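A.B. asks: Sequence:
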Amino acid sequence: MADSRKYTKLYGKPFTPKVGRNSVLLQSLHRAVRTMESQKHQNWDDTTRCYRAHAALSCHLCGSMDQADLSVTRPPSLWEPSRKGQSTQESERERETEKRREEKRREEKRREEKRREEKRREEKRREEKRKSGTNTQAMREKVNREIKL
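Everything in the sequence shown is counted per my numbering, starting at 1 for the first residue and increasing by one.
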C-alpha cells in the first residue's frame, strides 16, 4: 500500500497494474476469471474486484507498470463479440486515415520540390540576365570611350 501511495505522490496519478498482451501473468488472470465464472460469482463487482486484486498482486510481484492496461471495467473473457467487430472497423478507419496522411505528405513533398526547382530556374535566369546586362553595359562604356577619343 505504501508503494502505491509513493507512486501516486511521484506521478500524480493512482497506480494501475499493467502487463503485456500474451504474458503468462495475463493468461493466469484469464484462467482465474474463468474459474470465478465457473464458481457462479453472481455479483459482478466481486468478479471485477477479484480480477483487479489478482492483477495488482501479480503486478507488484513482477513490477511492470509500462505495458498494456489491465484496469478494465470487466474481464476480457466477458467482452461481447460486437466490440471485436467495432475494433476491426476502427483499425480499418485508422489505416485509411494513415494512408490519406501519407498521400498528403507525398503531395506536399512534390509541391515543395517543384517550388525549389522553380526557384533554381528563376535564379539561373536572373544570373544570366545580370551577366548579359553587365556585358552590354561594358560594351556601352567601351563604345562611349571610343566615341570620345
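These are calculated hints, taken from the structure and not from any lab test. Please note that the accuracy of each hint is not assured.
Cβ pair distances, simulated, as ranges [unchecked claim]:
#	residue 1	residue 2	range
1	Lys124	Arg95	25 to 33 Å
2	Glu103	Glu141	55 to 63 Å
3	Ser91	Arg116	33 to 41 Å
4	Arg106	Met139	45 to 53 Å
5	Arg100	Thr136	31 to 39 Å
6	Gln89	Glu127	34 to 42 Å
7	Arg93	Lys124	43 to 51 Å
Being a predicted model, the structure only gives us computed values, none of them experimental. Ideal placement from N, C-alpha and C gives every residue a C-beta, glycine not left out.
A.B. asks: Give a verdict on every hint.
C.D. replies: Each hint tested on the structure:
no.	hint	in the structure
1	Lys124 - Arg95: 25 to 33 Å	44 Å, violated
2	Glu103 - Glu141: 55 to 63 Å	57 Å, holds
3	Ser91 - Arg116: 33 to 41 Å	37 Å, holds
4	Arg106 - Met139: 45 to 53 Å	50 Å, holds
5	Arg100 - Thr136: 31 to 39 Å	54 Å, violated
6	Gln89 - Glu127: 34 to 42 Å	57 Å, violated
7	Arg93 - Lys124: 43 to 51 Å	47 Å, holds
Violated hints, in rising order: 1, 5 and 6; the structure is consistent with all others.
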